[in-house]
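Colleague: So the chains spell out like this:
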Amino acid sequence: MQRYKRAALIGATAVCALIAGKAQSQDKPPLVIGLTSDASGQYANSGAEERRGVEMAIAEFNAKGGVLGRDISTIHIDTETTPATGSRVAERMIARDKVAFLIGGVSSGVANAISQVAQKYGVIYLNTNSSSPSEAGENCHRVKFVWDGNGVNFSQAAVKSAMEAYGPKWMQITNDYVWGHDTSAATKKLIEGYGGNVIEDILVPQGTRDFSSVLIKVQQINPSVIAAAVGGDDLKALRAQVSDLKMGSKYAWINNQQDWADVYGLPKESLFGVFGTTWYYKLDLPGVADFVKRYQEMYPDTSMKVPGNVFFNGYWATRSLLEAVEKAGTTNSHAVIKELEQLRIPAETRMQHHDAFMNPDTHQMQQTIYLATANLDNDDPDDLFKIVSSAAPDTVMDKGSVEACKLESFEDTPVYEP
Amino acid sequence: MDFLLPHILNGLALGLLFALIALGFTLIVGVMEVINLAHGSLFAFGAYVAMVIIAEGHGEGISALSWYYELPLWTRYLSALVIAPIVVALLGFGLEFCLRRTYGKKKEYGLLLTFGAALVIEESIRLVWGSAEQTLTVPSAISGAFIAGDMIYSIYRIYAALFAAAAIGLVWLFLEKTPYGAMVKAGAHDGEMVRALGINLSRLQLLIFGLGSALAALAGIILTPIWGLRPHVGVDVVIPAFLIVVLGGIGSFWGAVIGGLLVGMTVAMTGAFASDWSIMSMYLLLIVVLTLRARGLFGKKTALES
Amino acid sequence: MLNAPGKARMVTPQMAAFFALLFSYPLWSNSVGLYDYLGLEIAIFILYALGFNLLLGYAGLPSFGHGAFLGIGAYAYGLSQIHIAQSLPLGLLAAVIASAAAGGFVALFLAHRRGIYFALLTIAFGQVFWFTAMKWHSVTGGEDGLLNVLRPRTALMSLDLSSNVTLYYLVAAIVAVSTLLLWRFVHSPFGAAIQAVRMNETRARFVGYRVWFLKWCVFTLSAAIAGFAGGLFCLTQESAYPDVMSLHASGLVVMMTLIGGGFVSFWGPVVGVIVYFLARDLLGAHTDAWLLWYGLLFMGVMLFEPEGIAGAWGRLVRHFSSGAPTAAETHREPAA
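Chains as they are written, first to last, in my numbering: chain L, 4 to 421; chain V, -7 to 298; chain X, 52 to 387.
There may be inaccurate statements among the hints.
Claimed, not checked - A partial selection of chain X residues facing chain V, derived with a Cβ cut-off under 7 Å:
1. A340
2. G346
3. L347
4. L354
Said to hold, decoys possible - Take a look, some chain L residues computed to stay more than 12 Å from chain V by CB distance:
5. G68
6. T333
7. T334
8. E342
9. F360
10. D364
11. A395
12. E411
13. P417
For the record, the hints were derived by calculation from the structure and aren't laboratory data. Please read these numbers as outputs of a predicted model, since none were measured by experiment. Ideal Cβ positions, reconstructed from N, Cα and C, are used throughout, including at glycine.
Construct the entire structure; sequences and hints are all you get.
Modeller: Laid out in structure tokens, this is it:
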């Protein structure tokens, strides 16, 4: 068993060491980080992108001697976009691989399953990319930190300006599952708050591949704005069908977040409407170009030539965690949690327009939310987005999650010191 | 009626597409009594192969083929329509060779072998082309939209529905008007008889499996511009295909076509009035039909029941 | 036939080996690179697969929607803990009752079916249940699942179930007792009747068996066992998720049962579950494409050894003991 386990670890460390270009120090045991990203199922591609982000942050730390003098290695097991698998993988990584931290999650179901196990053992878990409002709301945990903007943040950023630009007659298309409902309910509240009204809310089941009847209804109702809370593969099918009908430009569409992994490589014409993101590789800010260059040096063979928001979240989650460990001077979970709860990153470091900070009551990263549309101004196939606006974190805060989230006390959270 | 008419037309078009999905499946299950669970993976594989042949934004790396990339898009699209089904038919031949070992044993073995094959094909697609969403580019003549009255119609969807109708017609002609079709139908009813008539049954089975696979690929090329293309797109296909075939009655060609239309109409109508039930409605329809008619609409007794 | 009626012994070498493995697992698992939680999942799935094989191997009824009952059991367990009281017996009872009721209802539609129509209807019902679990989020939590179903603090004899090892011994004991009961069941006259139905339904009817009722019973029983396993699964995971009800998950239990050799041996599902979970855990840590290898293995089994690992083993035993039938063989005649 020992030999087998070594092989897995060495494989992972070798990559890091190679990139870091130095031999690893032998005096202290390496710090193992468990990567719980999906590698199959509908979030496989996002899972791969966020893993690259996590690994780049780790490589940067290893290059300067690891954390607290310990080299960092990783182990990855596919969580299959399946919660039950998430539970098992978390149990395995904690019991067998003795990981220090768990990082990675796109599907909220999987992230919940992992965080429940992590809370039981007191292991810190970073939910890098699940944008479900419930993640930092009713399903929040003391050990879990959420790094993506959620559906409510994006709605906050979009609804008011869309109302002003396009008028009060709204229609919603909502994926009939928890994320869809949460996001849609938040959007509806905002619409009504700003004096608009929702003429119709069309629920589409998860797994819908044909939106023709929905698109016929859109034309029959003829709303001024359509707010779509459709995710995963369903959104990909919707995108293909809207683009085919050229309905993207005929109506004002407000989409939720478009993950880079889901749109990269698609023709620009197929992107429709306004949508949210937390970061873009062409933001005109210092450090961004260098960050993109570091990405390209580390991943020269990846088909994704530039990093996106999913990568960004994975990178920053990991980097902030490791910095918190250094600052705390220990891997003791309570100490690191307390450091992370006070986390504040200046805008220039974070490469966003506003300072980002951790909300200590929900454990969700509060960050700049950007709105974007398809960039049809040039022929660069990588330059997909045109950023239209940016909103400061406190203007797009998800207040509902503050009410819904009840973090466990420190007494009820076991101390874990890997 | 103004409200209903577009939905009815839409249901019809959708029904033809569903029938196209079921076509290859029904051929194989009708003649060979093998439930081909790899149908969806062959569908996906066909679409990926077509993507490579169309080579829009892919494959330009091979300089020896640069003359090919300069051909107009519609030429490349037409070659994909011809070549991709042939490539997939070859894979189908390979699968049939494997399946032979299960003939004469429990029927479940064949079904499970194709289930394994589905996993293998899907994972192989993932390894070769990655998990990312891809697009299958179609010539501009069959893409875009037009406005009639106050509704926007998709040209591609009309093309796809007509293509499906033509494919259904061609398969019907093949079955009814060619000597091969007669053999196929005889084989479906009585394998012994076919052998007695001096027809090579194993070659016939090979042919049918290849044809069924090619039809799966064709459905993939037609449908993925609408559904999008990803390694697990086959999962969205195999269940509706299976359902339609059983709904119409196993072994019945027109059963599958009518089953497809019925499912299309049901999905479109629930989509119009209770869209959150539009997937569930398929399954409820099946349960209702099978409760009323044990072998589906036009089904006859087959060996698959034992 | 899987086994000849009336010849059942209380304890066979296979059973002794299985129990020894089951109860000693926590003692050696860590030193060979396994972990307690994996043992819990394997034990629970063994129970699930053994119950499933009543249907597939013994009655010859291929169900592709059995995950639904595992899921219903898990939700029933979870809901009873959250809304009624935190109690292990109550939860497991709720799991069994709910899944048996659902199974009994579905069986009304299925019991006169065979072959492909049977299989397809199980898929359709399985999808309806899965869909309901996803859609009815106010009760089931939708795709997030039913969370925070805490393990009861003091269930029996004040055991601390929050420890995976303690929970493992409890689950192992439950699985062992259930296995014994199942073993007795398949060797009872009722078990023989079910197999008679599989061999030849018409003849069975002719001899006077009420075939419809037999099939209804075995489906309901099998669903109840799946639900029982689902209750244990929810206890272990402290949550119930809809994914176990998906077609994909239901297909996997069929694969496990067949790779192990459920058609030819009572113990086939046990072997199949162990192989699947170990392959997933060991290969899965090395390659994301492990399903490719598992799929190839499965195809290989179907091509060259359709009776599964148990079938191959049986042949091996026969080969080395040509003539003298062993204890293993009397219970493992090849399927017709």
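Colleague: Against each hint, give a clear statement of whether it holds in the structure.
Modeller: How the hints compare with the structure:
Using the Cβ-Cβ criterion of 7 Å, the hint placing X/A340 at the interface with chain V is satisfied: the shortest such distance is roughly 5 Å. Interface restraint check for X/G346: the shortest CB-CB distance to chain V comes to about 3 Å, inside 7 Å, so the restraint holds. Below 7 Å, beta-carbon pairs count as interface contacts, and X/L347 has one with chain V at about 6 Å; its hint therefore holds. A distance limit of 7 Å between C-beta atoms decides the matter here; for X/L354 the minimum to chain V is near 5 Å, and the interface restraint holds.
Distance to chain V confirms L/G68 as a non-interface residue, since its nearest Cβ pair spans about 34 Å, more than 12 Å. Distance check for L/T333 against chain V: the nearest CB is about 38 Å away, which clears 12 Å, and the non-interface claim stands. Every CB of chain V is more than 12 Å from the CB of L/T334 (nearest about 33 Å), matching its label as outside the interface. Here L/E342 stays apart from chain V, with its beta-carbon at least about 35 Å from theirs, past the 12 Å limit.
Residue placement check: L/F360 keeps its beta carbon more than 12 Å from all beta carbons of chain V (closest about 33 Å). Residue-level check passed: L/D364 sits 34 Å from the nearest beta carbon of chain V, beyond 12 Å. No Cβ of chain V comes within 12 Å of the Cβ of L/A395; the nearest lies about 32 Å off, and the non-interface call holds. Even its closest Cβ contact with chain V, about 35 Å, leaves L/E411 beyond 12 Å, as expected for a residue assigned away from the interface.
Non-interface status of L/P417 relative to chain V is upheld: no Cβ of that chain comes within 12 Å, the nearest being about 36 Å off.
Checked against the numbered hints given earlier, the structure satisfies every one of them.
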